[in-house]
Every structure is written in C-alpha cells, then in structure tokens.
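Colleague: Keeping their order, the protein sequence lines are chains X and B. With my numbering, the residue at position 66 of the first sequence is 66, and numbering never jumps. With my numbering, the residue at position 373 of the second sequence is 373, and numbering never jumps.
Treat the hints as calculated values from the structure; they're not laboratory data. Hints may be right or wrong, so weigh each one.
Same chains, same names: a pair is fine if it fits in one copy or spans any two.
In the BS3-like style, the derived pairs of lysine-lysine whose C-alpha atoms are separated by at most 25 Å in a straight line are [as the list claims (entries may be wrong)]: (1) Lys-359 / Lys-383; (2) Lys-261 / Lys-313; (3) Lys-389 / Lys-359; (4) Lys-63 / Lys-30; (5) Lys-31 / Lys-127; (6) Lys-63 / Lys-122; (7) Lys-396 / Lys-191; (8) Lys-165 / Lys-122.
There are 2 protein chains.
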Amino acid sequence: MAFIVQKYGGTSVGNPERILSVAERIVRLKKAGHSVLVVVSAMGDTTDDLLTLAREVASDPPKRELDMLLSSGERISMALLSMAINDMGVSAVSFTGSQSGILTDTSHTEARILSISGTRLKEAIEKDKVVIVAGFQGCSHEREVTTLGRGGSDTTAVALAIALKADRCEILTDVDGVYSADPRIVKNAKKLDYCSYDEMLEMAWLGAKVLHPRSVEIAKKFDMPIIVASSFNDNKGTLVKGEDMEKAEVRAITFNREIAKVSITEVPDVPGTAASVFELLSNAHISCSFIVQSQSHHGKNDITFTVNEKDFKATMNLLESNLKKIGGKEIISDINIATISVVGTGVVRDPRVASRVFKTLAACETNIDLISSSNITLTCVIKERDVEKAVQQLHKEFIINENSERLE
Amino acid sequence: MAFIVQKYGGTSVGNPERILSVAERIVRLKKAGHSVLVVVSAMGDTTDDLLTLAREVASDPPKRELDMLLSSGERISMALLSMAINDMGVSAVSFTGSQSGILTDTSHTEARILSISGTRLKEAIEKDKVVIVAGFQGCSHEREVTTLGRGGSDTTAVALAIALKADRCEILTDVDGVYSADPRIVKNAKKLDYCSYDEMLEMAWLGAKVLHPRSVEIAKKFDMPIIVASSFNDNKGTLVKGEDMEKAEVRAITFNREIAKVSITEVPDVPGTAASVFELLSNAHISCSFIVQSQSHHGKNDITFTVNEKDFKATMNLLESNLKKIGGKEIISDINIATISVVGTGVVRDPRVASRVFKTLAACETNIDLISSSNITLTCVIKERDVEKAVQQLHKEFIINENSERLE
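Bound-form chain X, shown alone (with noise of 0.2 Å):
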C-alpha cells in the first residue's frame, strides 16, 4: 500500500460535476488501501475571474492583497471536494497553506517554498484521512498569505510529496500524459511512457504546458516521481523520473511562438557593453534566450536575443529610452518568430541528431535563424509561419520513422 499525493487542475475541479467524479477517483484510491493526499487548484477560471475583479477596482493593486484574493479561490474547491469525499462515506479534511505549515518567502504573487511542516496533515494521514491541501498557496514568517505564482498547484504537490515522504506524485489534468509533440499539430503524436525530468523540464521550458518547471526542478533535486495523467479517464500516464542510463533518443518535438528577437546594432565593442544591457533587462524582472553577440566590424557589434513576448513592450521601451547610453545605432524587433526544440538525453552528445534536424528543416524550407543547444535540446529560433510543418516533419523524421525502424 502507498502513500500517493495526488494534485488536480482547475478544469479538473471545474464545476460541482466534475468534483462529484474527482471525488469518487480518490475514494476508489483510498479504498484499495492507500494513503492519500490532494492538491487542488481553484475552480476552473475562478483565479482568472478574480483578477478581473481586481482589475475593476483597482488599476495597481498591491501583491499583499492580490495574494489574500487569490488564495481563497483553493479554500473553495478544497471545501467542497472534501465535502464530497465526506458525503461518500470516506473520512476527509481540508487545509489551507497556512495550516498545512507551508512557509514561504515574503515575494507575493510569486513567493518560493521554503518549508514544510506538515503537521496537522501527518496527523491526519495517521488518523485514515484523506487530507486536501490548497494548491498554490502558503504562508510567510510574517503570517502574511502568500502564492506562489502560475502553476504554483504543481509545485504545492511534489514540495509536500517530497517533505511527506510520499511514494510518488501524480498531476492529474485534462491531457492524457505527455506527448512527443502537440496533438493539435502532429496528429500522430505519441503519449510517452517515460520521460527524465531534464527532458521534461526542457520541454515545460520551451512551451509544452504539462507540468510547471518548478514542481519537476524540486522532484529532480529530491527524485521524486511524477506521474502525469488525465483526470477524465483511467488511461495510463507519463512517468517522469530520473534518466535510465540509455543511447541517445530523441523523446519529443516541441515549440514556443510567445517569442519576440531583438537587436541592438552597431554597439562599440568594449568590455561592459553587453553586461550593461542585460543588467538593465535582469533590474526589470525581463529573461532573455539566445543571445548572440555578432563579430565586430569596425570597432561595433550587433546583440540578439529573444524575450518573451509579455515582456517585448517593456523591453523596447527600456532599450529605446536607453540606446544613446548604451551606444548603440538602432533598435530591430520581430515579433513573429518561434523557437522549435528536439528534446531527448543525449541528443547534444550525438553529433547526428544535429545534422538531422537541420536537413530536415532544410526539406521543408524552413530557414534557421538561430541555433541554441543544451545538454539535451537543440533549438532553433525559426520564422513563426513555418512552425507547423515544421514540428510535423521534424516529429515524423525523429518520433515515428525511428520507432517503425525499432518495430522492424
């Protein structure tokens, strides 16, 4: 018998329905013996709907109070799913961040865990309960209500699963699993059996909205399996843990069109230059991918790199306001570019995997921008226009011929 923590999304909990069948779920679990603990999210939009609410009385509301107001959309769901359980004859009870010892730092909308106690939720567990903890959630040392910020429900699950000492951790949500590339654009992608947290944390990275990359950085630190599964049926999930000592394969095709380039031409090439414009970008909370430094003619370098695209206005505003100190010519934008990576361990340390992915974007003529590559990914940033095909023949060359070869 184990001791499984199990954490459903909104759409998961979206209406009194779809409680009623998440509730039966758990009571099935803890009926065949097990120790079972629940993270919810908030119903649905209900997090969306408050920030309307916020944005119509106020137009810069403080975090503080942003934190108080989100945080009671999870004391809802939690309530009612354990009303529910309850009302089927299993004994449940429901806790708030706060009371279930979560201390984070004081950053609100997007505080970090901490630690966690768990006290009131081990004695719980001990007593036969189920116990339903609010995603996204916890409390500071200055007994303030904190969140953790977009997905923070994911990272409320492992962090307790890992402080509990569950036996794994499953993110049940509306998808079946993972895939080696979005079945809205490859129509014969794969559900994948396994991945390794490096590999799914890449592809959370680079766009793929499964799992939130903080809750898979935690169960890679401390190994804690995740399994991701859908909420609406009994198909088997995706197994996310750590890396089997296997050959190089690539495991998913994956892309990310919420990108924008940006370049500052003509800088003087001096030490400091570079350092100067990304201290500036880092002072106002904006990432930055792919920075490229071009070779000097003249005394002056051009810089690229990419940013998300939220944060593309503020970066151009910033950098136009500050072009004249940094000693630049021009500022050049393009918003409609997107980024489309090979994901799979290995795929760097085999030089072959590389020249594939460019004869095969070459097929399709898709011109290649940029090249970026990490341990397991090679991105390339491409036009925005050529995604598709793009994912489909890079998926086709990668995913599915390589596994007809193996069924040969």
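Knowing the structure of chain X, use the given hints to seat chain B on it.
Modeller: Same frame as chain X, now just chain B:
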C-alpha cells in the same frame, strides 16, 4: 478626530462599482483625519452561491468544511476593498478573522467570539493605515477557521469596536436607518434619529432585520454606540445607544410573520409535564415563545406556544412521536399567525399604552390570540391576514398622532 469602526454589508459591496463607491466613502472619512477600521461581508449573494455549491456536492457537508468554504467570501471582498482604497492613494491593509486574532469557540457555522487580540490591527492603525477585516469569521483555539452564523459581520464589527476602544461603530447597509415601522407596509413610517439598545434588541428579535441582535447585546453590555445608516447616500442614520431617562415613548411598531402556533391538548396537570415538553424541544435546538398553559379542567391542561416557522415541521414531528409519552390528547397547530409589537422604553410601565393597543386593534377588527410583554414591548399574536392593517393603525395611533401632538 475619532476612531471609527464601519461595517459594510453584502449589498453595499455587491459589485466592483459598489466597492469603488464604498472605498470613496472610506477615503473621505480617513482624509477628514479619522482612524478607520472597516469590517466587510461577502459580496452580494456570494454566501448563498457557495452554499448552493456545497449542496450540489454533498447532502450533509461537515460544518468544519462549510466554514472553510464560506469564509472565503469575505476574503474576496476585503482584498478588493483594500485594493480600491490603496488605488485612491490611501494606504489600506486587509486581515482575515484569524489574522485579526478573533478567537472563537469551536461551534462551527455558529461560533461565539471568546476574545480578540487585534495586535496586527492595532499596529496597522498606528501606522495610519485603513484596516479592513473579514466579517463573520474567526479562528478557534484548535486553529480551525470558524464562522459566526448569519448576521455575524455585525457582531464582528461591534466586538472589534469594543476590543480596540473605538469611539463608535457604524453599520452601513441598504436602508437609511431604523424605522418606526416597515416602510413597505406603513407609508409614513419615520426614520428614528435615536433608539435605545433594548428597543433595538426587541425590534431585532421581533423581525426588523436591520441589525443582528447578538451585535446589539454586545454593544449594550459594553455601551458601544452604534449608528445604522445607508451606504448608498449620506443621510443621517439612527443612533443606537444607552437609554435616556425619558418619559414612556413608543418608538416603533414591528411584526413577525414567520411564526407558527402549536397546542397540545389535555395533558395531565402534574408537575413536570410542561418541563418534559420543553426539554424535548430544547434538545432539538428549537426555541419557543408565548408559552401559555391554560387552566386545568378535570386535571387536564392545554399547553400552547409559538415557534419559528422554519422549526415548525421539526416541532410537529417531535411532538407527534412523543404524544403518548407526554400524555396529551392531540396536537393543534396554526401557521397563519403573526406577532405584532409595540416597542418603546417604559411601554409596559405605562398602563395607558396597553389599553390604547387593545382599543386600536379592536377598532380595526383584529382579534388578539395571545399577549406577552417584556419591559419595553407589548406583543400580540394575531391572524397573519390582519398584520398590515394592524401595523398601519398602531403606527398611526402611536407614532404619527403622538408626534403631531408634540408639534402642536
């Protein structure tokens, strides 16, 4: 400069526009130099909506989880109100019942306040902030979230005003104050400038739903003046405070349609019979009024009393299944009755009041079924169909004529 506690009810903060309007009121008060602590209810129908959700997932929700659920309503309204005030350039901060140190007993859904520390509230007031507190909720010594039952926000406001030594407590609502009779029934009902705690209490218990009686009881005990006024205009409201040494004066005519009359006929005239009946009801948390035991004939009595309409079914079931044990003959009931009351300090002290009441009711052909009097009220049980004309005639006799006499 005063320290003022204000309470805004659900209708007053029912939507973003209302929240902004209430925020403006508070900002005006603050800018006039006062210290302001505000207690808010949940927005509009939030509490009812949450109860509906609860009923959709569970037939008999645990009260602890109900409290967890319901307490989220005030978190939403208080955070939004605090945001709106901050956005107007005045510093505000919101606190839950638990953060405010409102310690209650463990009776979930109808908890009583045991004590209020208010440490964080005092600190915030000293820092010149507007303090917003969630009404209706507290925290038990078992660190569980509790709610105070319907009307609990009034109680929160008065209790905080007392604990923090405020100069007065203002209850802002959707009516202009306390009226001499229900304006929907008596067109020339007068708004009272003043009434005493006892008068207010009688009116509250007897069906005038402006102020929750618990809050008035506490205010009386600690002599905290309450002002009842509208949050929708700047009209002067009604001041509720200790009574003056005035002449007997009828303050208001109230009524209550939501009662039912029950009689048990021919119970044995032996000691303990009545006690056994009312012990039965008391154990089922059913309150009775107007208890009358008729004269004994052949060693038998009739016992008659009234109960709230909501308890009527339970009362009938209880009595019918215990009729044999009690030893009565049959149970007779009437739900088409109502109480009508004349409320005013010294009403009963002055015998002319009673005779004028009976004469007025007789003149409008209203039969009196039962009569009861307290120090400051004279209440008659009449047929429900006679309520409107009786209220109108008594109001004319005691309020309109009285005042015109004075003006002469």
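Colleague: Of the hints given before, which are not true for this structure?
Modeller: As far as the earlier hints go, not one is violated by this structure.
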